[in-house]
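Number of protein chains: 2
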Amino acid sequence: MDKVLLSHGGGGTMMENLIEEIFSKAFDNEYIKGMEDAALLFGNITLTTDSFTVKPIFFPGGDIGKLAVCGTVNDASMRGAKPLYLTSAFIIEEGYPIEDLKRIVKSMAETAEEAGVKIVAGDTKVVEKGGVDGVFINTSGIGVVYENVDVSIKNAKPGDVVLISGTIGDHGMAIMSAREELQFDPPILSDVSPLNKMIEKLMTLEKAVKVLRDPTRGGVAEVLYEISKMSGVGIKIYEDKLPVKESVKSACDLMGFDFLHLANEGKLIAVVDRKYAEEALEIMKSDKYGKDAAIIGEVNDSKLVTINTVYGTSRIIDRPIGELLPRIC
Amino acid sequence: MDKVLLSHGGGGTMMENLIEEIFSKAFDNEYIKGMEDAALLFGNITLTTDSFTVKPIFFPGGDIGKLAVCGTVNDASMRGAKPLYLTSAFIIEEGYPIEDLKRIVKSMAETAEEAGVKIVAGDTKVVEKGGVDGVFINTSGIGVVYENVDVSIKNAKPGDVVLISGTIGDHGMAIMSAREELQFDPPILSDVSPLNKMIEKLMTLEKAVKVLRDPTRGGVAEVLYEISKMSGVGIKIYEDKLPVKESVKSACDLMGFDFLHLANEGKLIAVVDRKYAEEALEIMKSDKYGKDAAIIGEVNDSKLVTINTVYGTSRIIDRPIGELLPRIC
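Protein sequence lines, in the order shown, are assigned to chains A and B. Residues 1 to 329 (UniProt numbering) are what the first sequence spells out, left to right. Residues 1 to 329 (UniProt numbering) are what the second sequence spells out, left to right.
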């Protein structure tokens, strides 16, 4: 392996290997290990970063600007923190239309307004035609951890319950349909949305919420594997409990994709103490982005990530290896 | 004007217009106005972001990795803060050699070690061949403002003294010579370096240090204009006091460049209370990156940015308008 491959960016095992081999070893410190979505600094401040290269820049249900704000708002939130401040760094291709740039920036501003975060610092680079494809955006963000919470990818325990805040695979299939010019009726829209308000309400359950994770690249399958690995547990989910839009399911059947591998940009997976599972579900359902929330499985001590199918059989879920769809986010 | 031009990224008036028209208006808040290098949060925490697209990726005296760490370390420092934590987000072109990626990451790790900062969070995206030119890196950073200091682009007062920490234009000319395959003897090396240790020592002068700014894109001229504008003052510098390497000066003469417009990546401009100017100079000179430091001018109430030439005449310094050299950083 002497060259970087697209699959190194796919959010699966190849990306994990690249990060561990090249970045984590070199930047060796207590913060960068542990596969958390955000670094925890000064005891209660979270810091995250994410670059966005999505193609197309405007897609059904959103655009790169909305995605860039939601992505970083959600990353901070998944550590049990209230996101407050974002940075925004643009790399723009020479010749990019000013009108489109304005649309992207307006979309960022509106999304930041909705999420209640401020964009406090920025950077603008312009590169020659062909040096970059359109516009790439990096957002980094700062949040403050809620009091009396302890949310970490390491906290799942056998007996805990697994919830998802809504339908699976919408973003991935929206991007795919836009890129392949597929028509669905109704059209499949990205779920891109800020989840911090939902998480603020979930945090009233305090330590009953053990793990929060947004299933972006690599999808639900990858998140389940990361929880399993970092918490040292197994997870079983139930196919008949999984919320998936009929259109997404049909498109997956047609194209041979597993919706568990598709990216989501407005969903969260929560691992919750069993006693509080129904309460967590009600909180999710009461939020505008959580009406299709469901309890989808449970944590066990098997170390395996399995699914009970609608046919009554059980199988191990495939962990994503590489790139399902480049430039999904 | 309906398309983004290279000159919109050049660090001069066109970039200022683009930022004010498109970004500052949309992200309207008290933090993003004011042209500071870093946002000040929670009273004493600084947050900055910078994307790096330098070409070539490896250049005389440094590489994109060293540049990415120094750039963000220096941005935090210029607000009178001690940089502590950095994020690192890579956008990598499919097919990029793993060996080169390792060199870049090693360079980042070594520079972070020297500067005493930790890289605590990261992101990796891979885009298809042609989607990006090699490797782009974003670093964002957090610092903590030193006690009893008040460093801001708005603080220059008539009577204050202007210092620079070393020779002017080295980075810009190093990139240009690499890109144009020009040979100089001795070769012109980039000055890319972390200035936080020098600034830590300068901060012992407390409020006597009014303004700190690193003259990157747009060079010394742009920084002088920004100080003039934001502090509402004039600045006069003396040509015979300016530290410039003979090789850089000759190359500028040859190519018709003004070294005041060339980018620097390891230099700072300081505006200091006159009573402490000599002390500040001694502190700079005692630092490994400040041995060519000099007092180069003074603040006045003229609102003009002028230079007293070696011929005894005085002229207004041209403010950079657009792109001298794309992808300088």
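A hint or two may mislead.
One copy or two, it doesn't matter: identical chains are merged, so the pair holds either way.
BS3-like mimics (lysine-lysine), calculated; alpha carbons at most 30 Å apart, straight line [to be verified]:
1) Lys-3 <-> Lys-55
2) Lys-129 <-> Lys-197
3) Lys-275 <-> Lys-82
4) Lys-33 <-> Lys-118
5) Lys-236 <-> Lys-285
6) Lys-102 <-> Lys-129
7) Lys-249 <-> Lys-102
8) Lys-82 <-> Lys-249
9) Lys-236 <-> Lys-157
10) Lys-291 <-> Lys-157
11) Lys-102 <-> Lys-33
12) Lys-275 <-> Lys-241
13) Lys-102 <-> Lys-3
14) Lys-55 <-> Lys-129
15) Lys-102 <-> Lys-241
16) Lys-241 <-> Lys-33
17) Lys-33 <-> Lys-82
18) Lys-201 <-> Lys-55
19) Lys-229 <-> Lys-118
20) Lys-236 <-> Lys-55
21) Lys-197 <-> Lys-275
It should be emphasised that the hints constitute simulated quantities derived from the structure, not laboratory data.
To see whether the hints hold, each was checked on the structure:
no., hint, in the structure
1, Lys-3 <-> Lys-55, "both (23 Å within a copy, 20 Å between copies)"
2, Lys-129 <-> Lys-197, "neither (40 Å within a copy, 39 Å between copies)"
3, Lys-275 <-> Lys-82, "within (25 Å within a copy, 45 Å between copies)"
4, Lys-33 <-> Lys-118, "both (28 Å within a copy, 12 Å between copies)"
5, Lys-236 <-> Lys-285, "within (22 Å within a copy, 64 Å between copies)"
6, Lys-102 <-> Lys-129, "both (19 Å within a copy, 27 Å between copies)"
7, Lys-249 <-> Lys-102, "neither (35 Å within a copy, 41 Å between copies)"
8, Lys-82 <-> Lys-249, "neither (34 Å within a copy, 52 Å between copies)"
9, Lys-236 <-> Lys-157, "within (13 Å within a copy, 67 Å between copies)"
10, Lys-291 <-> Lys-157, "within (26 Å within a copy, 58 Å between copies)"
11, Lys-102 <-> Lys-33, "between (38 Å within a copy, 18 Å between copies)"
12, Lys-275 <-> Lys-241, "within (19 Å within a copy, 74 Å between copies)"
13, Lys-102 <-> Lys-3, "between (36 Å within a copy, 11 Å between copies)"
14, Lys-55 <-> Lys-129, "both (17 Å within a copy, 14 Å between copies)"
15, Lys-102 <-> Lys-241, "neither (41 Å within a copy, 44 Å between copies)"
16, Lys-241 <-> Lys-33, "neither (33 Å within a copy, 49 Å between copies)"
17, Lys-33 <-> Lys-82, "both (22 Å within a copy, 24 Å between copies)"
18, Lys-201 <-> Lys-55, "neither (33 Å within a copy, 47 Å between copies)"
19, Lys-229 <-> Lys-118, "between (35 Å within a copy, 25 Å between copies)"
20, Lys-236 <-> Lys-55, "neither (34 Å within a copy, 49 Å between copies)"
21, Lys-197 <-> Lys-275, "within (23 Å within a copy, 53 Å between copies)"
In this structure, the hints that do not hold are numbers 2, 7, 8, 15, 16, 18 and 20, in rising order.
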